[in-house]
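Colleague: Residues per chain are reported as follows:
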Amino acid sequence: MKDQRRYHTIIALVEDRPGVLNRIASKWRQRGFNIESLAVGHSETPGLSRMTLVVDASHDADQVVKQLDKLIDVVDIRDVSNEDIVAREMALIKVRCDAGNRSHIIEIVDIFRANIIDVSPESVIVEVTGDEGKIDAMFELLKDYGVIEMVRTGRVAMLRGAAASHPIEEEGYERYPGQETW
Amino acid sequence: MEMTGAEMLLEALAREGVEVIFGIPGGANLPIYDTFPKFYPRIRHYLARHEQGAAHAADGYARVTGKVGVCMATSGPGATNLVTGIANAWMDSVPIVAITGSVIRPLIGRDAFQEADITGITIPITKHNYLILDVNDIPRIVREAFYIARTGRPGPVLIDIPRDVQQERGEFYWPERVELRGYRPPIYPDPDAVAKAAQLIYESERPLILAGHGVIISQAFYELQELAEKANVPVITTLLGISGFPPHHPLYLGMPGMHGMHWNNLAISEADLLIGIGMRFDDRVTGRLKDFAPKAKIIHIEVDPAEVGKNVRPAVALVGDARICLQHLNRLVQRRERPDWFAHLDELKREHPSLAYPTETEEILPQYVIDQIYELTGGEAYYVTGVGQHQMWSAQYFRGKKPNSLITSGGLGTMGFEVPAAVGVQVAKPGEMVWAICGDGGFQMTLQELGMVAEYGLPVKFAIINNGHHGMVRQWQSLFYRGNLVASPLQNPDFVKIAEAYGILGLRATRREEVVPTLQRALEHPGAVVIDFQVKEDENCFPMVPPGASLQETIGLPKEYIELVRRRQEVEVSR
Ligand SMILES: Cc1ncc(C[n+]2csc(CCOP(=O)(O)OP(=O)(O)O)c2C)c(N)n1
Ligand SMILES: [Mg+2]
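For the record, the sequence lines run as chains A and B. Quick note: the first sequence uses our numbering, first residue 1, plus one each step. Quick note: the second sequence uses our numbering, first residue 1001, plus one each step.
In short, the hints are calculated from the structure, not lab data. It is possible that part of the hints are untrue.
As the list claims (entries may be wrong) - Which chain B residues face chain A? A few, computed with CB under 7 Å, are given here:
id, residue
1, PRO1031
2, ILE1121
3, PRO1124
4, HIS1128
5, ARG1181
6, GLY1182
7, TYR1183
8, PRO1305
This structure is a prediction, so every number in the text was calculated from the model and none was measured. Quick reminder that beta carbons are idealized off the backbone N, C-alpha and C, glycines included.
Only chain B is shown next, with the shape it has when bound in the complex:
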């Protein structure tokens, strides 16, 4: 069939199952925008207010659907504005396809108006990228791009299409299959390695599972639980692994690492076996690498061969899809009772409480707001966070009931992720509750995406944990820079008025007893809500592994907080 390049692109996207595109038009992609009406409602376009927002929205959409998210921008500044969003998807292995218009072919390489070498710029932050110079290549390249983005270790792919290619006519040919001789992601683990892993697990007296994003990406929820229960091994989840394992499960231990549970950091240091599943032993997890898990052998289950042996040397590696690897492994693992290990873990938990905060305050504690969000939503929502202290508390206190319901920027730590990612999540899950737990700093980086919230009637609830600071920066400055608070205090606008300016309900809470009623009001309101929670300004997030320190050197909760836990324990015992 003959069509224009723009039509070919949208036809190919539709065939790939794309229903939603987040983007912003401009001179170099107008032929595509001109063609959108023909494809409506098969493909719906959401107009972002900044291309970074479009990319994060596609990212959020992809994380909760497992489908490839699509974002679109014009050449030059439009394309470069996508870069943060693409890098974020790259670091967190999120499948997105970014489509940029580019200057017409005769002008490429001539510093034309709004020309940027976006394929050059994005080489280090994409799995692959394409500059399409022949209109007839469009369907094949779209197919390849989607295949690359979602298979193996997923990630972003960028397609750059000059405007004249979009306008040119060509023959639409849809290839039956993708042929990429240089791309063969592993899927099935080596059977010998599986057998050896099962043996190591059985022999281990003090094993721990470290489950990461790979569990969620490969949807290995059931298999992970089966492994944990069948082999009788406790489960720790990394930041991005949270919601890959039920938080209320008796084998669940929470998050490790820089702001992880103190007991986990100590347990990792004592374990004789770590089973890393779909995680990459990131420095935020390991602390000082040379002192990480000194007594443990490591089993690494990972789809990206380059991650195996990158940071730690595993005794056995199962290289393949996490879910398939676990299916194979689960057939061989055997139960073993480990009463001493479990008793010891219980003792570590008792000795080093990591979840506690004073509740009888007049001020609002940020932990309290987050805790109450989980409480009052019954864990039934999707929870999206920004980056900073509120993110770490959201991870620590996580009590979501849905698999894959914590959406957060891990690898890149991108402030401003929260607002647009929540938009993407809500677009993907129209009937579901979406809560964005925002920093007052991060919210201001992308709050213009409230424009999408208002325009498309998305009922996202935004809880701004307003501590009047770049809280995490303030924490580092107060702990490691002699309290020299340079550029961490924020002079904030009136967030309620900002919400109202977008036609969104704005609420505010300034005292502790207002928190619950305000959350209830937000829950009752059918549409979007922005809540300004004015919280204690100088609350620090603990436990904490100081930068460069080992997990053994974790700083626990403040003494007064631990006292609170002790008193509560005593009350319980005396009952």
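With the rest of the complex left out, here is chain A:
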């Protein structure tokens, strides 16, 4: 199982435009950042997506944040590893099974408060949500029955409480005299 302390959780608000992922991936590749997982989807604001990145902390997480922040399309980005967050990941696990052992699998699924979302004569698909440790543990148990495949979303994270992760500053451009200064 992964040692969570070795990973940094970074959340970013990015413009929902073609090429954004390309720009972000380009920075990782060039700077040699090892990305453990990346989850991205629409945010509450149209035109903005929210991303959760998990990076190997053998890198300087500060550099990851600062280098990505240089991208114009990255509106805001922060490392929330040391903050009070909730973090979840979802996995779909396709397990080999038959009428004989299906009930065993259902028992495991119940213990983990997971769901079975597809059943066929030779397999079931289990949907499980939780932190990475829970998913890893469940995978270990199901392995004995024969896992055909697994797909994971990567971590998504959010601050606890009412605080917004990316308070958008209204003044933006005005704070910087820009044109005149340069």
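Take the given structure of chain A and dock chain B with the ligands to it, following the hints.
Modeller: Chain B with the ligands in isolation, oriented as in the chain A frame:
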């Protein structure tokens, strides 16, 4: 107002204050070229002979004006030919906007004739880039591109416009302001950090300023001098910081690093405080990082937050515009006398002379030519260099009198920069003297831009330091590869004839005593001149920090050269 995309583009460029564009036409940008006459003379187009030349010319133009330089190319090969020039501007934080035509929208992504994914290709070497798919976006995107290119840490921006977008008609709408929620370059430093920095400077017994390109970009010449004088701190300038501080100033110590002054490399190793201003602790400056400045605390003044803590850990960082940071800092700094430190620096300078070469030779020494160029121009010119030994000597012996007058490719080290960049500088500064100090290798990488020199009557003086070699490569091979000179000797053409083929005056000097008269002839000639200085082939450039070594391990000048200095010192003393 309704107009075509091409008209919108040129109107937007004109509103951004663009007067000059360097470029080459082709199928995918012809609608723009078709529109140029309408905008003449508000916008003048200079026809480069290779797109790399167009990009370097825009780069040179931007460096000396502080304005955004503009270059233009067609799709595919035109666009990819710009790449070296864009990367060069990226590494040296030079604001240029590159405008490429691209294949028509229905053909994008279909491997059409002369299609290249130039926005994809240039992601890692631009601050930002755009593919314009809607004609009505042109004015806004041009505005954003210029704003991004010149603010914060400047850099290149690329705009790719499909040919059918250039031809389409739309409504010209000029946005009042740029709104970029993801782009907020810092300007003002944190007041607490400023106070702490001032305190550290006052407490320091052995401080040094390391001034970089940021001083020049933010035009902090006055503020840097004020800090140095007010706080009584000596100034070292990085390669790109040269001409950010007066070279004749008593507090000036010259360049550090791989071919920097030996005394600087030793002084940095002994300093208790380094004040890095608009510089990024590049490996050519620091030598082996883990042994860099072992005794020093670091104050880092830098506009790019990502540079802070990237290579060295500063005790304090002022993140903002260098000039504004220095203005804030200068209010708080206090003078402190440091007689021991200054005496020690004087001793280091005496012990480790770094500027000397034999002058009684028959052969021409490359250092001598460069020294004499500074001498005979009275330091009044703009000096543009290529990359290699001649560049390092140009930096070491620099004696220019104008702020921002050494134009050189630092971060990327792009041979072939010299000829087109000098073109850009001369276009920007029509009344000024421009000297391009060229390598015989580098000159041949972009000499076709003599076409622009001839066509537009630009009076640039090109001094080719012709050592018959890729001199810097020969130096490495002779020092670190057992003298195995593979592919460093050059079989050169007759450079005088090449000049003449372009209708440019070509001169040659092969013996030392010809150098001064030849330079004088070039200075008297009103137009462009190409001079072939056939210099000693195997002269090495010292001091030198061997690759991977620490600054303490700097190899000094050859013993005979140091002897020369000693003898001169004795003569002076006996007088
Ligand atoms: C475009 C490019 N290709 C290769 C190099 C590697 N390189 C660095 S210095 C050098 C030799 C430069 O020769 P020249 O222009 O004659 O200058 P010199 O060192 O002889 O003064 C070479 C090949 C480079 N810096 N840039
Ligand atoms: Mg050479």
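Colleague: None of the hints should be skipped; say for each whether it holds.
Modeller: Status of the hints after comparison with the structure:
1. Here the hint on PRO1031(B) is broken, as its CB sits about 24 Å from the closest CB of chain A, past 7 Å.
2. For ILE1121(B), the suggested interface contact is broken, since its CB lies about 10 Å from the closest CB of chain A, more than 7 Å.
3. Restraint check, PRO1124(B) versus chain A: the minimum CB separation of about 5 Å is within 7 Å; hint holds.
4. For HIS1128(B), the suggested interface contact is upheld, since its CB lies about 4 Å from the closest CB of chain A, less than 7 Å.
5. Here the hint on ARG1181(B) is kept, as its CB sits about 5 Å from the closest CB of chain A, short of 7 Å.
6. For GLY1182(B), the shortest C-beta to C-beta distance to chain A is roughly 4 Å, which falls under 7 Å, so the interface hint holds.
7. With a cut of 7 Å, the hint placing TYR1183(B) at the interface with chain A holds, because the nearest CB-to-CB distance is about 5 Å.
8. Hint status for PRO1305(B) relative to chain A: holds, with the closest Cβ pair at about 5 Å, below 7 Å.
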